[in-house]
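Peer 1: Spelled out from the first residue to the last, the chains are:
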Amino acid sequence: MLINMLNAINNALDLAMQENQDIVLLGEDVGKDGGVFRVTDGLFDKYKNRVIDTPLAEDGIIGVSIGMALAGLRPVPEIQFAGFMWLSFNQIVNHAARYRSRTRSRFSIPMVIRTPVSGGVRALEHHSESPEAPYANIGGLVIIEPSSPYDAKGLLIKALHMQDPVIFLEPTKLYRLFKQEVPENMYEIEIGKANYIAKGDDLTIITYGTMVNIVKSVAEKKQISADIIDLRTIAPLDEKTILESIKKTGKAMIVHEAPTSFGVGAEISARIAEKAIYDISAPIIRIAAPSLPYPYPGYEKFYVPNELRIGKAIEKLLKY
Amino acid sequence: MIKKVFEASINYVQIMDNDGNIDEQLLPKEIDNQKILEMYKQIVFARMVDAKCMSLQRQGRIATYAPIYGEEATQIGSAMAMNENDIFVPNFRQHAVFFNRKFPLELFFIYEKAFEEGTKIPENINAYPWIVPVSTQILHAVGIAYAQKFKNTDSVVLTYIGDGGTSEGNFYEGMNFAGIFKVPIVIIIENNQWAISVPRSKQTNAETLAQKGIAAGIDCIQVDGNDVIGVYKVVKDAIASAKNSKPVLIEAITYRLGVHTTSDDPTKYRDENEVNEWKLKEPLIRLNKFLVKKQLWDNEKQKAMELEFSKTIDEAVEKAESFKPDPKSMFEHVYSFMPDILKQEEDEFEMNNFFVD
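First to last, the sequence lines map onto chains A and B.
Here the working numbering is used: the first residue of the first sequence is 1, the next is one more, and so on.
Here the working numbering is used: the first residue of the second sequence is 1, the next is one more, and so on.
Here chain B stands alone, though its shape is the one from the complex (with noise of 0.2 Å):
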């Protein structure tokens, strides 16, 4: 006998298609053209930052930098669909996420220079340090929602993961306690086709990778992660399955428009071509037809809003800089006590002046 056991299939899931044309009868109600103006301007914002990132990193002036050109819909979308007490776990590249939490701006930069102080997040923002072993941060989400399911908090976890994090072993296995723990948690793969110069089509021969939730008995969707809207539906939709015990996985489908990080030049692995279809189908231009249409935007006001993002973040960079790195704090924060052999370290340090810059 053979009788078929089971059976699955993924969902894809668009509202604003790339002319800025929505889906009326999957646009959630709470989404007016206000909402679709703020989305707009949190992913402009978002891109300002960016951008001011990559010229201070090519000026020597921050470290080596992970861009998020491209990929912003998705952020800022899942952003706009959590809570104030859901919780946000990123891996290396989550930056909009961040700026949309009140993340201080200041603070972002002190991480970019590269001092570990920019990691000190706010007590009141919900949210978790940027990750970089690969898919590590599943886990630590996984442990999180179950201390929130163990403490009875209303709290989601959000996290995510690249493309390439789903082939690490810890991606399966943070799924995998998920389903068996039923806690509340999100991963949202933020799939943006090129895990540095490798692309998705070599990192599974799975069709998809929201599929990848399947064999752990969780629910599982796509989305074109380039609709803001399409994101912000979907995480909320999840948000509130996590909510009911039901863990879910969302693959949303981006793009990586610049570089992995400032270390590498894309144009030795990648087809120029690709990366220019790609452009027509990034968040901004589809966001900014609807608006136009609507009557809401135009190009003073864009102008406006650029010159007062300008000088936020300006003065965030300002204030970075003159961040005063303290390399005794090194040794301090290592333990809960001091130990004699670390105190005897920075003693050394100390008294021959090793310190001095």
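Bound-form chain A, shown alone (with noise of 0.2 Å):
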């Protein structure tokens, strides 16, 4: 079926919810209104009492979830804009990711928090932000971001599948903003594993969530041969397939949307520069936001990573 990436992850829920009972979706706005972006459309009407409606309180949300989870339910927390989930910042760090370390695997936490990540739709203030970078620092944590609506589908169903605390980031901007053929039935995508979009000699480009698209748009329109990987998942970082892919061009660049310092791109520069440094030929690159707060939506086209910078900084490194 051809849908995009806003649909896909409707049918994930679908599909997940028919497959397992005790899946409960629970969030503001998500039963009979279906979300504020209607990721949940539908859902209310066909599993009733599963589809929670919860009070305006995000640490309330994911407190309560993982109560639902140390019971035998697995929630599905959604969490209406990044921008508001450090409020559950807490009872993410402090309890979704170190119950099972904390009590050697006596007890985990099957949760997959759903929120709408990264900016490019001109949307209020705190409704942009990619928060990626400070959940990877927790270990216990899943965070993935797909790129596309077959990969939305796969990842959330292995998600579902998984006995791990997820956080599922959806890019607002790739919602609707191409539809792609994806299977009807049930599929998963294996996580802690990247993906090659483009495979090249000369080059490689590490990217994830809304930049994947961009950077395939300026490797083409340039016609240069690059290896493009598609994180996917985040953390636990594929460190394998990035080593393996600069160990052949010798060339590596970042791109995310999120800011630049201590930032996803510092960490994989890190491990570059750790094992593989005499294998570069050049600087390591990083494309990301500033290191500054996100702008209000008037300034946003200047913030975001675009087709420019990531090509000027193509340009630079091909030069080494």
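Hints are computed from structural coordinates only; laboratory data are not their basis.
Note that the Cβ used here is the ideal one computed from N, Cα and C, for glycine as well.
Which stretches of chain B does chain A cover? Using the computed rule of at least three CB atoms under 8 Å from a CB of chain A, they are:
#1 137–146
#2 165–174
#3 323–333
Using the hints, put the two standalone chains together into the complex.
Peer 2: Structure below.
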């Protein structure tokens, strides 16, 4: 079926809920309204008490979900926007991430937290953040960010089959941006494994989420021969695929929408520097948002990495 | 026009007073003298384990410890009111509830020795491990209670929080969710008057902590938390109410006779006269008076019981001290699978002998 990412996520939730009666969705406006982006549209009518409108309290939503998971349910909380998810950081870090470890696997938290991320859609203040780095710093969490309808469905279904707390980041800009042929049945995409979007010899570009299509477009326009790697899973990181590609191309560039400093790009650069320093022939380049808070949408076109910045960086790197 | 649209009040319950006199009208019919003796024994046991922990900590044999001295009636009274299938969600101080639920004492000491292995609660005990971040457990308890309702079990969830914890957002959020979802939950405020060095009067300007449930639309009540029978009754009633989709908030008024944890010195911030006044109201004195009056107890029986308890405690300590930690376990329980990068880190420790103590 030819569907966009939003329909793919809705379809994944629907199939998983059919399969597993213990799955419950909860969050602000996820019921009759189908969520502010309509991701859960129609699921309340179909599953009634398994789709729960909650009071407006993000830490409450996550804390209650943790309790549900501890007691044998499989909660899928939705946080309406990633910018409001900080309120639940305490529950995520102190409990969701460490419950398995602190009880030596006596208890686990099978839970998928869904939240829209990233900008480029002229949304209100606090509605466009890319918060993956602080979450990726927390051991025990799985951080996933799809870049296409096909990936969104397969990754979400896999997440719903896992015994771990997963943060599933949904780029708002991609919800309705394009459609793709997606299988009607259930299928899983492996977690912790990156995906080659393109294969080439001159350069490795590591990216994920909103930036994947932009990177692909620049590479095509410039007719360069590059490995384009879509992380799919941000944490735990697929270091192996990255290093494999670097050994071949000798040049690395990381592109993401989140701020540059202390970001996912920094982590990847450090790993390349530690483990493949003799394989590279050029500096590692990060193209990401500047190290400042997400601006009002009036300025966002300068903030979010664009084709111009990515193109320049590619040119620079290929000169080495 | 002005009209009154809402009015509320809070009841306070006490069944056994400081002198061991019982309010017969309130006494639950299942509470006979044998049951009261059992309550007494469980409190003595808890107090003995507590004293042992203080001593082990001072000898460096366990880590920082949060004692329960003075608060045992709140914990034992509520624990005895629970049915076996009811579910216990603690904060970090409800050790006596664990003892009541037959949590293996050896595991308790392994936990106090600061090893995660001590939190491996046996499958047949309906309890979750100690929670340190204050008030966060209230939300878990609500989620667990939601699952009971969803799965149509007959279990009620009992969770605990301190007086300081009632100032946290999660406490309010939890009560609010509980009220809306109408889940089978009883929230017990173990009000021991002190949050480390900050007295109850500095936590809130509200007259009672119990009344905090009113805004969430749930029933609330106060009880003498040093009266084990009073606590038992109030919790028993609350469990029945919770089964009927009516969550309850209970404020048990007790007193922390000891330190907050072994890391602080209360003489620095609280008046010893206050402590001495509360010592007259602690849970054991009144029970002892009652039992002696009824000729159910004497010094000989006390000695024999203490001897037996000491033996049990010492055996558990001995077992816990023979526990062999495995540092590799840190790496192996982070995810349901082993990520490559974590495996690399583990291997690096292993190959370089960094795991050797």
